[in-house]
Amino acid sequence: MIIALIAAVLAGGGAYLVLQRGMVRIIIGMTFISHAANLIILSAGVGAWRQEPLMARAEPETAADALPQAFVLTAIVITMAVTAFMLAMAALGRDDDTRIHEDREANAQLSTAGREARRLRPVDAGSGAGSIRHDNYPPESPQDGDRR
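Oh and the sequence shown: position 5 is 5 in the UniProt record's numbering, straight run, nothing missing.
No lab work stands behind these hints: they were computed from the structure.
Derived DEER-like restraints, expressed as beta-carbon distance ranges:
1. Y16 x A81: 19 to 27 Å
2. A75 x R25: 17 to 25 Å
3. A15 x R57: 36 to 44 Å
4. G93 x E59: 47 to 55 Å
5. E59 x Y16: 39 to 47 Å
Virtual Cβ for every residue (Gly too), placed ideally from N, Cα, C.
I would like the entire structure built from these sequences, with the hints used as guidance.
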């Protein structure tokens with residue numbers, strides 16, 4: 001019963017953290033959910049009632065099932081790798097949508113060529129077939145509309 005309660009607390013806490021805005025909280029929440037799933041899988045092996053799954057110590061009839069333990073061990077390794085990858089992405093990423101005050105200097109440094117390319121107009125807009133006309137372009141992007 002205690003394993004089910006711990007798994008429920010981990011899953012609930014993980015779901016709460018995943019719904020938060022910060023990247024680190026989302027990563028910790030995913031880790032909690034993964035630990036809850038590992039506990040559920042491990043409790044399915046019913047290792048408390050049986051002996052260790054080592055053939056030198058237990059007979060095959062009384063040994064615990066080793067498959068859930070292997071699944072959990074594999075899941076732990078995969079979770080560690082994914083968590084390290086997500087933490088690296090969170091550390092390298094600059095915009096995780098957690099700023100309250102919009103910093104125009106930081107946004108100017110983070111602007112991509114795509115935003116800049118939207119403002120550029122083609123120089124040679126001909127009148128031939130397939131040519132690009134200036135009136136087909138959308139107005140300035142909403143990011144730049146409040147700079148006036």
